[in-house]
Amino acid sequence: MKRLAQILRTSAWLGWQVEANWADPTLFLAYAIAKPLATTLILFFMVKVVSQGHATGDAFQFIFIGNTFFLYVTEVLIGISWTVFRDREDYETLKYIYVAPLRLLPYLMGRAFTRVATASVGVLVALLFGRFVLGLSIGVPTTNWLLVLAAVLLGLVGVLWLGIILAGTSLVVARHSMNLNEGLSGLFFLLCGAVFPLDVLPRWAQSVSLSLPFTYWLELLRRMLTGHGFARSLAALSEGDLWRIIAGATLGLCFAAILWFRWCEGYARDRGLIDWKTNY
Amino acid sequence: MGRDLAGTETTIRARIRMNAAAVFARASVRVRASFRESSWIVGETLFPFLAMSAFVFVYRGLHAPPEYEGFVVLGGAMIAYWNNVIWGMASQFFWEKEQGQLQLYLITPVSRMSILLGMALGGIAMTTTRAAVILIGGMLLFHVSLPLSRALPAFGLFVLTLGAAYSLGMILSSLFLLWGREVWHTATLLQEPIYLFSGFYFPVSAMGIVIGIAGSILPVTLGLDGIRQIFYGPAAHGLLPLRWIPPIQIALTLVFVTLARVSLLAMENLGKREGRLTLKGD
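Just so you know, the sequences run in chain order U and F.
Here our numbering is used: the first residue of the first sequence is 1, the next is one more, and so on.
Here our numbering is used: the first residue of the second sequence is 1, the next is one more, and so on.
Think of the hints as simulated: they come from the structure by calculation, not from any bench.
Note that the structure is a prediction, hence the values are computed from the model and not measured.
You may find that some hints are simply not true.
[Unchecked claim] Calculated Cβ distances over 10 Å to all of chain F for the following chain U residues:
| hint | residue |
| --- | --- |
| 1 | Arg3 |
| 2 | Ser120 |
| 3 | Arg244 |
| 4 | Ala247 |
| 5 | Leu251 |
| 6 | Gly252 |
[Said to hold, decoys possible] Facing chain F, according to a computed beta carbon distance under 10 Å, are these residues of chain U, among others:
| hint | residue |
| --- | --- |
| 7 | Leu27 |
| 8 | Ile42 |
| 9 | Lys48 |
| 10 | Leu187 |
| 11 | Leu191 |
| 12 | Ala194 |
| 13 | Asp199 |
[What the hints assert, rightly or not] Some chain F residues close to chain U (C-beta under 7 Å, calculated; not the full set):
| hint | residue |
| --- | --- |
| 14 | Phe47 |
| 15 | Leu50 |
| 16 | Ala51 |
| 17 | Ala54 |
| 18 | Phe57 |
| 19 | Gly61 |
| 20 | Leu62 |
| 21 | Ala64 |
| 22 | His185 |
| 23 | Leu196 |
| 24 | Phe202 |
The beta carbon of each residue, even a glycine, is placed where N, CA and C say it ideally should be.
Isolated chain U, as found in the complex (with noise of 0.2 Å):
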């Protein structure tokens, strides 16, 4: 465990290095906000022009909790895969990490710290935001914020479990495929009903969504948040059923992870691609 929290420990610190030393923290910080911010505001002012409508302050509190909280998604699921390609293509480093005294999986674990860390500000800033510049009203009197916390955690865990799946598919394939992972998160967020409420989906992209942990896991949130559901076809579900489903689902995705990540590092080893270079 000591072992492990040291490699822990070193790759948080070179992921730090890598992402954010490039700036002053303040800069940084700023480019670090900027992107939920402007989602934010986007979603905003989608709301606002046809408020003159059909639109309501619930409407706009819905949409603006699955986006914020969706960006724990985009952050460390891109993240986590791009490290990948980074170490082994632009700073050539993949191999001499490889053949250092650690496993690779605690490693990228390690590397994703800087974008939770990231997510986390960004989100904070949002809901910050969002309450004290929007006028929304975060949490009623009857949420939990220690639960509401547990809640973003053991998502955020789903979330790094899918990550490593995905940087083990990155170990195996060339580095145009970085596509694939940005194209993923762009799936989850039209699947996950993140910003508009599943019922306007067509049906078989509600089934879909509701075999997707995102989805849950962004209903929890909102009805912690908001004291009531945003989605009709999860109605029928509780709060408790929620939580099992992402903690099965997060279990699920932490087996299926060390399972293939194993195989592709295996995969990786023996046809020499783990100093390979497709930059082109």
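With chain U fixed as given, assemble chain F onto it according to the hints.
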């Protein structure tokens, strides 16, 4: 009349021919490369289409009038061009520096503007295939109606917008010439915030006249605003009267091209003095 590297006198006609050849060479490489890897075609059409679809569904969830879905589809197609301006144009000299090829461009006897013009034309050709898929796919899948009778004026304004946008890309490429890792982050910064200030997904007038005017420094802002007005008339909630927009786009193009020329020269000289032209950012 000047002299080439061999000391031979060159005519203006010869120099124009040389620069035109550079434009063609740089553009044709980009056009050929765009179809080289099939995953790029999928990645640059399907995945942006997914992001656009999400915003269409936002409007559907809000029971917005159908023309708003048209705004998103038009914005989604324009995003493809804006991203090409940032990643395929502005960042290009940075990528060349990282690959160790920038000095090859700088020692050629052609204008940097010719090279950038070739990149722009090649980028437009490459992006048009992607944007067309997004536009046609959006129209078919979401039943977005764009009156074909107004396609020609819309296309004319679109061409003016591209001219101004890629001219802005030339200025940015001169700045990115000198930067290191901040290029990557700055390019990322020029995505979602620009989508906001240019009103890619909603009428820019919703942000108020002051912010709308400020955002109009970006050619895509007024370009999208104008194209929406052409197709949807008053329902587009235009920022400025339509007849003002084409002259503004032409003026922006002229200003940006002039600034790009000055900026490229200044940045190149600065880079030479500070030894940053061959310094890798990573």
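Could you work out which earlier hints the structure fails to respect and list their numbers in ascending sequence? none
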